[in-house]
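First to last, the protein sequences are chains A and P. Counting from 10, one number per residue, gives the positions in the first sequence under my numbering. Counting from 10, one number per residue, gives the positions in the second sequence under my numbering.
Calculated directly from the structure, the hints in this document are not laboratory data. Possibly wrong hints are sitting among the right ones.
Any copy, or any two copies together, can satisfy a pair, since identical chains are not distinguished.
[Said to hold, decoys possible] Capping the alpha-carbon separation at 25 Å, the derived lysine to any residue pairs in SDA-like fashion look like this:
1) K33 / E11
2) K164 / C289
3) K164 / P136
4) K37 / P142
5) K218 / P239
6) K33 / Y16
7) K37 / P136
8) K361 / C289
9) K375 / E304
10) K139 / P18
11) K308 / S271
12) K37 / N12
13) K400 / F322
14) K33 / E138
15) K25 / N12
16) K36 / D176
17) K400 / I235
18) K25 / N216
19) K25 / P245
20) K25 / F13
21) K25 / D176
22) K218 / F322
No experiment lies behind these values; they were computed from the predicted model shown.
2 protein chains.
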Amino acid sequence: MENFNFYSPTEFVFGKGMEAQCGKCVKKYGGTKVLIHYGSGSVVRSGLLDRVKKSLEEENIAYVELGGVQPNPRDTKIYEGIELCRKEKVDFILSVGGGSCIDSSKAIALGVPYDGDFWDFYGTGKPVEKALPIGTVLTIAAAGSEGSGASVVTKEEGMLKRDTGSDLLRPRFSVLNPELTCTLPAYQTACGATDIMAHVFERYFTNTKEVEITDRLCEGILLTMIKETPRVIADPDNYEARANIMWAGTVAHNDIVGVGRSQDWNSHAIEHELSGLYDCAHGAGLAVVMPSWMEFVYKHDVMRFAQMAVRVFGCQMNFAEPEVTAMEGIKAFRRFLHSIGMPINFEELGAKEEDIPVLVKKLGIKDKTWGFQPLSSADAGEILKIAAHAKVEE
Amino acid sequence: MENFNFYSPTEFVFGKGMEAQCGKCVKKYGGTKVLIHYGSGSVVRSGLLDRVKKSLEEENIAYVELGGVQPNPRDTKIYEGIELCRKEKVDFILSVGGGSCIDSSKAIALGVPYDGDFWDFYGTGKPVEKALPIGTVLTIAAAGSEGSGASVVTKEEGMLKRDTGSDLLRPRFSVLNPELTCTLPAYQTACGATDIMAHVFERYFTNTKEVEITDRLCEGILLTMIKETPRVIADPDNYEARANIMWAGTVAHNDIVGVGRSQDWNSHAIEHELSGLYDCAHGAGLAVVMPSWMEFVYKHDVMRFAQMAVRVFGCQMNFAEPEVTAMEGIKAFRRFLHSIGMPINFEELGAKEEDIPVLVKKLGIKDKTWGFQPLSSADAGEILKIAAHAKVEE
Chain A
10 MENFNFYSPT
20 EFVFGKGMEA
30 QCGKCVKKYG
40 GTKVLIHYGS
50 GSVVRSGLLD
60 RVKKSLEEEN
70 IAYVELGGVQ
80 PNPRDTKIYE
90 GIELCRKEKV
100 DFILSVGGGS
110 CIDSSKAIAL
120 GVPYDGDFWD
130 FYGTGKPVEK
140 ALPIGTVLTI
150 AAAGSEGSGA
160 SVVTKEEGML
170 KRDTGSDLLR
180 PRFSVLNPEL
190 TCTLPAYQTA
200 CGATDIMAHV
210 FERYFTNTKE
220 VEITDRLCEG
230 ILLTMIKETP
240 RVIADPDNYE
250 ARANIMWAGT
260 VAHNDIVGVG
270 RSQDWNSHAI
280 EHELSGLYDC
290 AHGAGLAVVM
300 PSWMEFVYKH
310 DVMRFAQMAV
320 RVFGCQMNFA
330 EPEVTAMEGI
340 KAFRRFLHSI
350 GMPINFEELG
360 AKEEDIPVLV
370 KKLGIKDKTW
380 GFQPLSSADA
390 GEILKIAAHA
400 KVEE
Chain P
10 MENFNFYSPT
20 EFVFGKGMEA
30 QCGKCVKKYG
40 GTKVLIHYGS
50 GSVVRSGLLD
60 RVKKSLEEEN
70 IAYVELGGVQ
80 PNPRDTKIYE
90 GIELCRKEKV
100 DFILSVGGGS
110 CIDSSKAIAL
120 GVPYDGDFWD
130 FYGTGKPVEK
140 ALPIGTVLTI
150 AAAGSEGSGA
160 SVVTKEEGML
170 KRDTGSDLLR
180 PRFSVLNPEL
190 TCTLPAYQTA
200 CGATDIMAHV
210 FERYFTNTKE
220 VEITDRLCEG
230 ILLTMIKETP
240 RVIADPDNYE
250 ARANIMWAGT
260 VAHNDIVGVG
270 RSQDWNSHAI
280 EHELSGLYDC
290 AHGAGLAVVM
300 PSWMEFVYKH
310 DVMRFAQMAV
320 RVFGCQMNFA
330 EPEVTAMEGI
340 KAFRRFLHSI
350 GMPINFEELG
360 AKEEDIPVLV
370 KKLGIKDKTW
380 GFQPLSSADA
390 GEILKIAAHA
400 KVEE
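Produce the entire structure from the sequences given, and follow the hints as far as they go.
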């Protein structure tokens, strides 16, 4: 096991009706003037925004609002948020929405106390030294941003999608009420589930040997997702299944299942170019990219893929030909994604094979990426070619 | 799933040589005058204490020392610590040792700013309102106290073992260096492993249905312990196995595997009377009590025990007679404990059947306990009778 630091100080407030705790939580963590940041009209229509405001008012906490965050959140909205916070002397940001809204909130949080352009921190590794505290009320189980220090946002000019990360961006608290996810359309639910599974897989495929505890925790989340996702697709109001998925989504990405070993974020990186170019859902892009990435890299460590096949997808181990088992696991993953309504190739996603050179160029790989199997630009192109033509196979 | 709060703000600093980070960590969390609290001479002989002091000196942090914490830590030492901290104006407590040392440190931490007797908080549910911050350097994987807000200590008069808990007692940081555990005798290592597994089982046996994510995470830790414990017993210097066990021990008890459902701490409660009366190792007492508790309660939810048998101990499901599978799992657990050198009955533990009435009386059950299956005093007596005569069975 490699040396590591694990630090996840976020207080998770989980369960039915918990958004009523918002005001108390903001107060506990020192907020006196809040920016409520949200996305679509659904948080308005559902009455959630009103409940959040009421909870703040009950604690006599002042607030201003900024809605309109889009999926793949844009820099333009972030600049607007930073300006508003400065003008209104906001000292706490409360995100009411999904991963995009949280990531936009994090960008605003680091931008407000910073003298230059917030974009300086994205895709550059520049360390964040100061940020406003944030809290979240989560409305979709997917990104895991409610428990992580990561933020991914998009520069509208050129549709560049880049990320940053810092412990300072970890939410002080996150309210997780599974009821809020019951009204999500099946497609969005499935996109979220795919994102959650991808967060685990990006940690599962490691070159560090013998980190059994992390393997087992990863497999536990994946097994849960395989059981619970079809249940919520079939029965959107199934609270128990929604609750399992929501908590799985948080645990999948606060890094408790990633410590002590190398990780691999190449599928995420490749996908970011797809959703950057086509503005598709991140989870949908992952459903197309990730099994294709697996097909391309599995020979790098056949036994690890065989372990996934056996432990996660219940395949029988072929001891004479472990490669067969490894491929069976990858096929099972793609079948699972198809079964929950995810696209699995370019046509289903709305992507075009002729764009592959553009996608690879935007990816901007210099020499090779890092990860389980470092990738060249040519490798990324091959993965996208597999993705373009992928099919469900028995 | 039941509503819950999950809050684990401790920073875990994990890996080889990490005790050198102590000074930096104390500084980061605001300590300026430290009480170094430790147990046996082994932290002195191994040079660990010197390395910790050096690390504090490098950051110009002043310290005083108090050694001599015993297993099942005593109130007498705690009073001594409280007095010393007040006299020396200590503002941070650094525990260098195992669970007993951490629990003693927590008692001192809450006792220093409190006007009355620190014992007021133990076994009473009285809420802790103030405590000095603490940090830990862990030397044995077992108690999980390095990541929890719990503390269990013993009043010498009458050997009463009682507990308290508060988020204020969660360590600010915990240094986990698996190398420090390589010199532990096999018996202590196995006691620690048993404690870790018990912490998971006390959460696994729940009356809350359908919390798949927590079940799977519990099973992941148990599977890890079953794989790694025999490896360290056979090869004490196996760093990778030591590392897996150490991290499993922390994850087993910061409650990440216990949220959203009822728990059951009756085995722990019964064991506390054994180690209180005989001063035996807590893990050894658990090895005797826990499988016996399982035998007594399994009919309360046969399918849950069958799930344990199949998923954790690899038993084949007997679909016609699930009770048979359930009992097979319990027997497999006891065989496992025996195989790692743990006592499994009163004789092996050094306990006496004729003491059962005394043990039950000290347990002081009024009406019934709470938990998976609430227990009366008579039930506790029955469990201890099973424990008295338990045997390894195929």
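Cross-check of the supplied hints:
1. K33 / E11: between (39 Å within a copy, 20 Å between copies)
2. K164 / C289: within (16 Å within a copy, 63 Å between copies)
3. K164 / P136: Answer is within: at 19 Å inside a copy they meet the 25 Å cutoff, but 49 Å across does not.
4. K37 / P142: both (12 Å within a copy, 19 Å between copies)
5. K218 / P239: Close across copies (18 Å), not inside one copy (33 Å); limit 25 Å.
6. K33 / Y16: Both. Shortest intra-copy (24 Å) and inter-copy (16 Å) distances satisfy the 25 Å Cα cut-off.
7. K37 / P136: between (27 Å within a copy, 18 Å between copies)
8. K361 / C289: Only inside one copy: K361 and C289 sit 13 Å apart there, 69 Å across copies, limit 25 Å.
9. K375 / E304: Within one copy only: 23 Å inside, 61 Å across.
10. K139 / P18: Both ways: K139 and P18 sit 17 Å apart in one copy and 19 Å across, limit 25 Å.
11. K308 / S271: Within one copy, since 18 Å is at most 25 Å while 44 Å is not.
12. K37 / N12: between (33 Å within a copy, 19 Å between copies)
13. K400 / F322: Within. Shortest intra-copy distance 18 Å satisfies the 25 Å Cα cut-off; inter-copy 37 Å does not.
14. K33 / E138: Intra 27 Å, inter 18 Å, cutoff 25 Å: inter-copy only.
15. K25 / N12: between (38 Å within a copy, 7 Å between copies)
16. K36 / D176: For K36 and D176, both the intra-copy (21 Å) and inter-copy (18 Å) Cα distances are at most 25 Å.
17. K400 / I235: Within. Shortest intra-copy distance 20 Å satisfies the 25 Å Cα cut-off; inter-copy 39 Å does not.
18. K25 / N216: between (40 Å within a copy, 19 Å between copies)
19. K25 / P245: Classified as within: same-chain Cα gap 16 Å, cross-chain 47 Å, threshold 25 Å.
20. K25 / F13: Between copies only: 10 Å across, 35 Å inside.
21. K25 / D176: between (28 Å within a copy, 23 Å between copies)
22. K218 / F322: both (21 Å within a copy, 23 Å between copies)
The structure fails none of the hints (numbered hints given earlier).
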